[in-house]
Amino acid sequence: MRELVTSAAASARLDLARAWLRERGPAGRALVVAGTQEAAAEVVRAAAADSGAAFGWQRFTLGRLAAVIAAEAMAERGLSPLSPLGVEAVCARVVHQLRGRLGKFDPVATQPGLPRALSRTIQELRLAGARPGGDLGRVLGAHETEL
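If you read the sequence shown in my numbering, its first letter stands for residue 21, the second for the next number, and so on.
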């Protein structure tokens, strides 16, 4: 039953979003922010199907919108955003560079899942401002050096 209620509420929100977009007209400017790029595109597609066309309706996820808004300030500080895939690539490079010196991570250094697991762990550590020691601290330090 709860799933039906949630589905009905989601459907009502989507109907409101489509109506809001239709009010702006096919040439009006609108910013559509959704949980995924696909969800934002679906709302825009449904509203555009009603009006026949749409120009100026931009679609974003919250993370992408934040990156766009922060881009100028980051550039002024000499920084650039890094996607989750980019973080994973940096972790793969670090694992390769530290092979044989990864301590407890050495037995799984050749496994494809280690860079992904480390990228998630490193992101959480950096968000929390944590500075671990030992093997993980060495990996984190090498990661920050690569950045």
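Worth flagging that the hints you see were computed from the coordinates, not collected in a lab.
Note that this is a predicted model, so its numbers are computed, not measured.
There could be a bad hint or two in this list.
[Unchecked claim] Now the in silico label distances, taken between C-beta atoms and shown as ranges:
1. T130 x G72: 25 to 35 Å
2. Q143 x L51: 21 to 31 Å
3. P101 x A150: 19 to 29 Å
4. G123 x L82: 11 to 21 Å
5. A73 x S103: 23 to 33 Å
6. L51 x G157: 33 to 43 Å
7. L36 x V88: 42 to 52 Å
8. R84 x K124: 30 to 40 Å
9. G55 x A95: 44 to 54 Å
10. Q117 x E43: 31 to 41 Å
11. D126 x D70: 38 to 48 Å
12. A29 x A91: 15 to 25 Å
13. A73 x A129: 23 to 33 Å
Every residue, glycine too, gets a C-beta built ideally from N, C-alpha and C.
Cβ separation of A73 and S103, checked against the hinted range 23 to 33 Å: holds, 31 Å
Outcome for the supplied range 44 to 54 Å, where the beta carbon pair is G55 and A95: violated, 27 Å
Outcome of range test on Cβ distance (G123, L82; 11 to 21 Å): Once the Cβ atoms are compared, 37 Å apart, the range 11 to 21 Å for L82 and G123 is violated.
Distance restraint hint 42 to 52 Å, applied to the beta-carbon atoms of L36 and V88: This hint is violated: roughly 25 Å between Cβ atoms.
Assessment of proposed distance window 33 to 43 Å (beta carbons of L51, G157): holds, 41 Å
CB-CB spacing for A150 and P101 relative to the 19 to 29 Å hint: holds, 22 Å
Supplied distance hint 30 to 40 Å, evaluated on CB atoms of R84 and K124: 36 Å Cβ-Cβ, so the 30 to 40 Å window holds.
CB-CB spacing for D70 and D126 relative to the 38 to 48 Å hint: violated, 58 Å
Beta-carbon spacing of A73 to A129 - inside the hinted bounds 23 to 33 Å or not: violated, 53 Å
Range hint 21 to 31 Å (beta carbons of Q143 and L51) holds or violated: holds, 27 Å
25 to 35 Å as the expected CB spacing between G72 and T130, which holds or is violated: Given range 25 to 35 Å: violated, Cβ gap about 55 Å.
Supplied distance hint 15 to 25 Å, evaluated on CB atoms of A29 and A91: violated, 34 Å
Violated hints, in rising order: 1, 4, 7, 9, 10, 11, 12 and 13; the structure is consistent with all others.
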